[in-house]
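Given chain A, work out where chain B should sit, using these hints.
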Amino acid sequence: MVTLTQLLQKKFGYSSFRKGQQEIIEDLLRGYDVLAMLPTGGGKSLCYQLPAYLLPGSVLIISPLVSLMEDQVRQLRERGEKRAIAFNSFLETREKWRALEQLDQFRFIYVSPEMLQSERLLIALTNTPISLFVVDEAHCISQWGYDFRPDFLKLGEIRRQLGSPPCLALTATAPPEVMNDIIDILQLSPLRCHIHSVDRPNIAIKVEKLSSLSEKVDRLLDYVKRLQGPGIIYFSSRQWTETMARQLQQEGIERVAYYHAGMDAEQRMLVQQQFLRGQLDIVCCTAAFGMGVNKENIRFVLHFHMPGQMEAYLQEIGRAGRDGEKSIAILLYTNGDDGMIQSLMEAELPDDAQVKQLCENLLYGASRDDVEQYMDMCLFTDVQKRIFTYFLEKEGVFSSNRPLAKQEIDRLYGKVTKNIELRRQWKRKKLKEMEKWIFRRSCRREAIVQAFGQTLTDKPEQCCDCCGLSLDGYLRTNEEKHPTRFLGWRVELQRIFF
Amino acid sequence: MKDGYAAFLLSFCLHRFNGERSLAAVYHLFSGKKSAQTLQDSKWFQLAPFFGVWKDITFSEIEAAAQSLFENGLIVPVQNRAYILTEKGKRWLDEQLQRTFFPTHLNGWRYHDLEKWFWYRLSLLVQTLSNLLHHTSFEPIHRHEKTLMWVKRYLLSQRRTVRTLAETLYGELYRLLDDVSEEEATVFTLRLTSYARIGWTNEQIASYLQKDRVCVQFQFQNVLHYMMASAEADRSSILYELMHGLSLPIPLTLSAQKTYEWLLRGKPLGEIARLRRLKRSTIEDHVVEIAANIPQFSIAPFVHEKKAAKIIETARKLKTRKLKRIRDAIGDDVSYFEIRLVLAKEGEMW
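So the sequences go chain by chain: A and B.
For the first sequence, our numbering assigns the number 1 to the initial residue and increments by one for each residue that follows.
For the second sequence, our numbering assigns the number 1 to the initial residue and increments by one for each residue that follows.
Check each hint, because a few of them may be wrong.
Derived BS3-like pairs (lysine-lysine); straight-line CA-CA distance at most 25 Å [claimed, not checked]:
hint : chain 1 : residue 1 : chain 2 : residue 2
1    : A       : K96       : B       : K146
2    : A       : K295      : A       : K225
3    : A       : K82       : B       : K152
Computed list of chain B residues with no C-beta within reach of chain A, every gap over 12 Å [to be verified]:
hint : residue
4    : H15
5    : K34
6    : Q37
7    : S236
8    : L239
9    : R276
10   : K279
11   : S281
12   : F302
Read the hints as simulated data drawn from the structure, not as lab findings.
Don't be surprised by glycine CBs; every beta carbon is placed ideally from N, CA and C.
Isolated chain A (complex conformation) (with noise of 0.2 Å):
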């Protein structure tokens, strides 16, 4: 019999396993239903990868990140693994009923949480042997979650649907509220916990108080210049982004763009692949920056605004550093800070009118599409409108078969003040806890891996400015120069061609 590690040698071509790589995967072809928090960049993929290779069935990976699960496809099949393929939204019709007819002869079958909407995928999963059910970005699954995706809470009843295959649910950031619901909704039974640290220990941290705003703007003005990128630097709005990126090439930083959801499709698309491919070593970006992007040589991170809890802090500042070498994480502060990100968030839960205006709209009528074109009509946000549907197919609105009566709209419209109530609170919550996180005086490092009910168990020697930091290691040595070497438009269009 072939040892693990001979396998992995085989099909995958290394010669050791990653931490707690192995682990896992002991405990899955035991049986095992498995929650694992594993570092981004941490060899996720292979925990399930390998054990396709000993199970009978096929392995389905839900992922929501189409274009992760493409490159995942693309990778084994240059490994030479023909049997992978990934359902979204880029599948042509034709491929796609082509594989149903034959999904059991694949053995790495992707699929996004939308595509499990689709009545005949769910058949021809139903009859195939599923050996191990992969939940990717589980935290999506809680509501809890900063990433929140209603279309994962249906998991768990698909999970039992196709005879409760074991299931290994994967995350890299989840605190342990959210640890909870993921095991809920999941039902995950037998489990084992494999939870690392979520400690960057190659990440720096570092909180800087300043008294105004102008003061702010002078101090990342003078980081950027000094510290050694590529960095990303984010902003709590649109408008920020595109200020700063601005002031910033003022200044003479010329490799900087600005990235935030109000660009079209195709700008934001060059940006990101202008900064993965080291066209750009600077972006300024919201929170819409960083899910997918995949580099690994980012130097630092800048907060000019700070994020509304830990978990996105940590989340973002994560994509530092993914190279295992040594990268800085900076958040700036003003007073006042912690209200305007407060009135932010607060501004994406519907208010009162909104409510009411809905709720008496449900008079008329309940379907799924009159609720979404109400809430059109109400100018409810996306995320506001993810939280809402997810609310009223809770409530049982969607599987009405008639228009609600008045005093179940009243009903209803407590329970829906209640609930925005419930989530204001929480989020502001939240919101103190990452302010107590800048105003504390001891180790950082300790407060976040605490965050997430964990300890710390080594400090690494630059830490953070609580025990002591120094930025020489993090300034830019050389003055790299990138002449744009553009010879005029005949030399650049042949240069495309030949």
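Quick look at chain B alone, frame taken from chain A:
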């Protein structure tokens, strides 16, 4: 001036509108609003090339540009947020027209719906070919599913080799870029993505060339529309193939289209109004819209020939499109509907 190129374009439009339309009309024109009013306006005032060519413009951008023109004494308000050019403004516009880039190939009327998809296909095809030739892997620069599928199928259906296809496309692009100015060719080439370089955004190109971003945007669009027009004229080109299946817009509002269908079946206006449960005046608006946009549509059933001639003569004499002035000059036996209909049909009479 602060709002450089936007202000220049705005002054051009305001000049054409001659104080007879408000700033909102300029906004609707650029953003490509498919209302009867906007569709007619773009014909009447000969602004059809600008229809729908700046879809994401905001009204406040137009207001800012207008403010800047006003502060420089180039325009003055007349009424209802309408402006006319001052003498200084007219001189300035003339100068600009001679000095600045003007998008002569722009054809928003024909291409406003297509340009994006044509560009998506072209730029993805270029990226794909460039990477295939250099044996490099890449992430598609567009995520648009239909475009991805189209390019994939296009490549699979080729009898030509990748090399030949690339050389042919290079030849076509080179010839067309050689026709436009050096600067436009530069802008267009920099927007393309290759194996070695991810395309630049308009803003990045603008800062590299030290130009106004809006100007760069229109230079790019001008080249794109030029390519589409050339493609339509040469059915053997790759560019023509790239237009395949992209449908040209029918220049009618949806509601007007329905009315048109009833008219083709010979229903009188009153009955169409009743059938569609619309006001008669709404149906009249549709007829005006149809007259303005469908060349073969005859207005003879609605206006007597002699009356039509009188209206045209009066409009020419008074050099106006204002309905009231024309009606005052002719007299009560002509209706506003008749005047509008004739003006719509005669479209470009100056």
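Here is how each hint holds up against the structure:
no. : hint            : result
1   : A/K96 x B/K146  : 15 Å, holds
2   : A/K295 x A/K225 : 21 Å, holds
3   : A/K82 x B/K152  : 19 Å, holds
4   : H15             : 30 Å, holds
5   : K34             : 20 Å, holds
6   : Q37             : 25 Å, holds
7   : S236            : 19 Å, holds
8   : L239            : 15 Å, holds
9   : R276            : 23 Å, holds
10  : K279            : 25 Å, holds
11  : S281            : 28 Å, holds
12  : F302            : 38 Å, holds
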